[in-house]
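Visitor: Sequence:
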Amino acid sequence: MRKSILYFTIFICCNLFSQDSNTLFSIGKTQIDVYDFMQNYYKNKLDTDTLEINESLKEYLDLYVKFKLKVVEAEQLGLDTVSSFQRELEGYRKQLVKPYLTDNKVSELLLDEAYERLKYEVSASHILIQVNDNNDTLKSFNKAIDIKRKLDEGESFVSLAQKFSDDPSVKENNGNLGYFSALYMVYPFETAAYNTDIGNISDIVRTRFGYHILQVNDKRLSRGEVKVAHILIRNNNEGADKLNSSALNKINEIHDSLLAGVNFSTLAKKFSDDKKSAVNGGELDWFGTNKMVKEFEDVSFSLDSINAFSKPFQTDFGWHIVKLINKKSLPSFSDIKSSLKKRIERDSRSQKTRNIVLDRLKKEWGFVENLYAKEFFYNEINDEFLSGGDILEKLNGVGHIMFVFNNQYDVKQRYVFQEDFANYLNSFKSRLNAKNIDNYKLIVDELYDTFKEQMILEVESANLEEKYDEFRLLYNEYHDGILMYQLQKDEVWDMAISDTLGLQQYYSDNKTNYVWPNRVKAKIYSCSDINIQKRVKRKLKRGSDSQNLLNTINKSSTLNLSLNEDIFAPGDNSLIDKFIFDVSFDKLSQNDLIITTDNNIIFIDSLLNSSYKLLEDVKGVVISDYQIFLEKKWLSRLEKKHKVIINNELFALAQAGKFNSKHDLFDNSSNNLKIDSETSFNSIFIHTTKLLGSSQNTFFGWNGKIYNTAIQ
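Taking the numbering used here, the leading residue of the sequence shown gets 45, the next gets one more, and so forth.
Bear in mind the hints are in silico, worked out from the structure with no lab data behind them. The beta carbon of each residue, even a glycine, is placed where N, CA and C say it ideally should be. Everything hinted at is true.
The list that follows gives simulated cross-link-like pairs (lysine-lysine, BS3-like), each with its CA atoms no further than 30 Å apart:
(1) 599 / 567
(2) 314 / 335
(3) 215 / 192
(4) 73 / 89
(5) 381 / 138
(6) 319 / 335
(7) 372 / 385
(8) 271 / 335
(9) 87 / 73
(10) 207 / 335
(11) 396 / 149
(12) 87 / 511
(13) 496 / 418
(14) 687 / 73
(15) 294 / 320
(16) 438 / 418
(17) 320 / 335
(18) 138 / 89
(19) 406 / 386
(20) 578 / 599
(21) 583 / 567
(22) 110 / 555
(23) 102 / 533
(24) 320 / 355
(25) 396 / 187
(26) 314 / 355
Label-pair ranges, simulated between beta-carbon atoms:
(27) 337 / 182: 32 to 42 Å
(28) 654 / 514: 47 to 57 Å
(29) 419 / 87: 47 to 57 Å
(30) 622 / 306: 51 to 61 Å
Required output: the full structure, derived from the provided sequences and hints.
Guide: Okay, here's the thing in structure tokens:
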């Protein structure tokens, strides 16, 4: 019996300790973990902070408690349930989860690869064999194999392209796509082009357009981008001879004018048929390879010197003359990295990163799919469905499981049913057009893959707080920050502006805070030399006004005299300080003249003794002070409304440096110990004891609980 009581006592004590020991402070039922507090402290603490840690922590704790008081109040008022708050927070969450749904190593490799490829341009021809549906895939692939065999046997690429290619442009270009660089073609096509040597034929490449066979014609260094202006004389609708004659004669006359020195911009504005660019003197935006017609690009890049202009040349649009404005090469990787990353995210190659992430998440979440459940939809997605049919009725409430997630972060499994996919399909119904659909099975497969991907990413996204402590802290920071901002806006910032009676009363009660010092209304005449100073002095004594004085003195030169007229307070102007405020303000009188040794004259219009500032003159400052006053009153009410309990013993340990954030304690550069769910208690105990010694006052954290390093 005695032994049982002892066990029971130990059990109760251990549970009380483990439950409460990591709570630094509580506000009502809200508990703030000491590690969360310390991580926020170290995140916001400046490296240059010279305060002692105990003073710095004390100040930060006071600020953090006030911050959390506002958050708790906002939650009690239900601000976290308002739709506008939830939309804003969800928008931030979507941005925050992105790095966790990306394989950073692969992303960096794709960035490096894209930049390296951008250094070069490839000229390639291709033969396209389209694939219309799954049943046609093998037939199309066999056709591509047969064409590849003929090419390997030496048959002409051009003749085979003209005969077999499904690319409509083959009639005009014989399959030749010209030069292109990275991020211009779909990723598999681009990769084949860059990985195939000049003059060689690629292996068969599959893209969403079908099967391709490429011939690489040439590779060259990137030409970068060019900025030009042009003059266009369009072809008209008359007969070819007359057309060529009139357009050519006109462009030649313009060229002759340029040779004679007439301004290019003037001629472009007057004669160019490209009215959009003509208003800007013919200037076009920067462009690179494959952005303009080939002839236009080649001439533009061939110009070597700034402001050089070409001879007249012809394209399908008419006759042109081009003037070079500027050229630039490929920017450095650091300069282009951010924009390149965004382009890659929009490009098909981003799926490579996503596929790696999806494969990893499938394993982590024990993802299982029931392919049999998908087959039901092959028969139900048809013209009838698009015209208004409801799949949910066909399921009749007995839909099978499609996916299972064996959640390692939660005992419960998560299921996705056929009804979920049916609702997803219904959401796409309005975007599908039966006239444009040849194979419904392909539609089901594509939407199924998208739905599956979405479900996997949703499960991962919903559990990021459990998996990643840094995400939980950052997300909570946004959550609390938005709530605090909205409540502070309502209770303090907007109130200080809208409460005009309260503002007036606050101003009246605190008028002594808004006082003008002694000031002077004066004119400072700055003269170019002593002779000008003497002339100005004589005229001022005769009562000449400042404008007449300026007009008279500056008749020969505007540099003779300048005027600075204002109301000056101490510190506003060094000259006024030296000759008025630093001497004796009380001895001066209106209309006094002060002659300085550096050719200046100060004329005193009036002396303004110290007085209260009018509210309208300092309203911005008073509103700011009133906001501080309102916030203090509001915080006082919150402190009375919400009980704040601080664990002073735990905080004293933090002040003494016994607590650090998890990162600082166990994952620093000098003593690197990575903690995960597999790290044993003994490993961390031994590591901490080696670092900090054995003591009842030395603490460490393990699995969300706090322990000391006393060996007994």
